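**Q** Got two chains here, separate frames each, mind docking them using the hints?
The listed protein sequences correspond, in order, to chains A and B. Count the first sequence with this note's numbering and you get residues -17 to 95, in order. Count the second sequence with this note's numbering and you get residues 4 to 117, in order.
Be aware that a few hints might be false.
Said to hold, decoys possible - Mimicking DSBU-like on lysine-lysine, the simulated pairs with C-alpha atoms at most 35 Å apart in a straight line are: (1) A:LYS38 <-> B:LYS43; (2) A:LYS24 <-> B:LYS22; (3) A:LYS52 <-> B:LYS43; (4) B:LYS22 <-> A:LYS52; (5) B:LYS74 <-> B:LYS12; (6) B:LYS55 <-> A:LYS(-16).
Said to hold, decoys possible - Short derived list, chain B residues pointing at chain A, Cβ under 8 Å: (7) LEU46; (8) MET49; (9) PHE50; (10) GLY109.
These are computed hints drawn from the structure, not numbers from a lab. From a predicted model like this one, the values you see are computed outputs, not experimental measurements. Glycine is no exception: its CB is placed at the ideal position from the N, C-alpha and C atoms.
Here is what each chain is made of, one letter per residue.
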Amino acid sequence: QKEVEQDPGPLSVPEGAIVSLNCTYSNSAFQYFMWYRQYSRKGPELLMYTYSSGNKEDGRFTAQVDKSSKYISLFIRDSQPSDSATYLCAMSVFGTSYGKLTFGQGTILTVHP
Amino acid sequence: DTAVSQTPKYLVTQMGNDKSIKCEQNLGHDTMYWYKQDSKKFLKIMFSYNNKELIINETVPNRFSPKSPDKAHLNLHINSLELGDSAVYFCASSLRDRETDTQYFGPGTRLTVL
Chain A
-17 QKEVEQDPGP LSVPEGAIVS LNCTYSNSAF QYFMWYRQYS RKGPELLMYT YSSGNKEDGR
43 FTAQVDKSSK YISLFIRDSQ PSDSATYLCA MSVFGTSYGK LTFGQGTILT VHP
Chain B
4 DTAVSQTPKY LVTQMGNDKS IKCEQNLGHD TMYWYKQDSK KFLKIMFSYN NKELIINETV
64 PNRFSPKSPD KAHLNLHINS LELGDSAVYF CASSLRDRET DTQYFGPGTR LTVL
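Next up, chain B with everything else stripped away, as it sits in the complex (with noise of 0.2 Å):
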C-alpha cells in the first residue's frame, strides 16, 4: 500500500512552461508539506498545510502555489518554470496532535528545467 504518493515521478520541461505536481496519503493525516531537495541533497520545507489550510510559507518565489482541495492531497503548481526550479520536490503528511510522531515522506518527483 502507498502512503504517500506523487505524480509523476520524473518531469523535463522546457523554461517559461507552467506545471503541476500531485500529491496523495492515504494515511489518514491532517497536515501536509512541500519540500525542495536541491542538487546537494539540501532539504528545505517550501510549504504546510492544516486541514486545508495553509500554515507555513517560507520563501519561496509566488510563481509557486500550493492547493489543497482537500485533507488527503496537495498539489504544487509552478508558473514560468526557471532552470534554478530544477531539484527533486517531495510532498510529506503527519498528524498535528501527535507531536512525537514523524513526518512520512513521498518518492520525489524529479524536476529538471532545460
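Chain A extracted, bound-state conformation (with noise of 0.2 Å):
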C-alpha cells in the first residue's frame, strides 16, 4: 500500500465548475500538506500548503486538511482552462522545502471552455 493514495482519473470538467480534488494517507507523523501543480512537460509548482488540519483558502482555490480522517483536499472555484493540468499532492513531516516529499499519484485535470 502507498503511503498517499490519490486517484489520477482524468477528471474532465466544464468551465466555471467547482473541482474537488481528493489524497488519503496512511503516515500520521506528516504534517505539511501540498498541492503541486505540473503542465505538460513541466516540472511541478506548489500551489498552496497547509500546517496540521484545517482549511486555507487563495483566490480559487481552497486546500482542507482533516487528519482525524487522513484525508485532503484541494478544491478549485470557477474553473478555467488554464488550470487544465495534473494535480498532485504532496506530504512531508518536516516542512515544504527540506526533508522528504512524498507524492500522490496526480489527477489529471481538463477544463473544457
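**A** Rendered as C-alpha cells:
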C-alpha cells in the first residue's frame, strides 16, 4: 500500500465548474500538506500548502486537511481552461522546503471551454 | 531568468550505456534534490544534498550516483542503463532554514532507454 493515495483520474469538467481533488494517506506523522500543479512537459510548482488540520483559501483555490481521517482536498472554484494540468498532492513530516516530500500519483484535470 | 535548469532536456540511449544529467540552480539555495517521475506520473524522491552533503538516499540502485561539486550544482550519473530507468528526472532546490518555503523544480530530463 502506498503512503499517499490519489485518484489519477482523468477528470474532465466544463469551464466554471467546481473541482474537488482528494488524497488519503497512512502516515500519521505527516504535518505539512501541499498541492503542486504540473503542466504538460514542465516541472511541478507549489500551489498551496497547509500545516496540520484546517482550511486555507487563496483566490479560487481552497485546501482542506482532516488529520483525523487522514484526508486532504483541493477545491477549485470557477475552473478555467488554464487550470488544465496534473495536480499532485504531497506531504512531509518536517516542512515544505526540506526533507522528504511524499507525493500522490497525481490527478489529470482537463477544463473544457 | 532560469531558476533551476537541467541538461539535457531529452536523452535517448541504449541499454548498458552510462549517462549523466546536470542540474544547476541560481536561487542561492543550499539544498538540492533528484526526483524520478515514472510513466504513471508518480514522483518519487531519489537523493537530497544539503551544502554538498548527502542527506537523503532513498532505496535507489547503486548504479545511480549523485555528485554535488558545489551548492549550486547537483549531477546524476547512471551506469549500465536499464529499460526500467526510462522516466522523467527532475532536479529541485530549496532553502533549508525556511521551513515553509517551496521546493523549486527544474523542467525535467526525459530519459528513454532502448
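**Q** Please flag the earlier hints that this structure goes against, numbers listed from lowest up.
**A** 4, 8, 9
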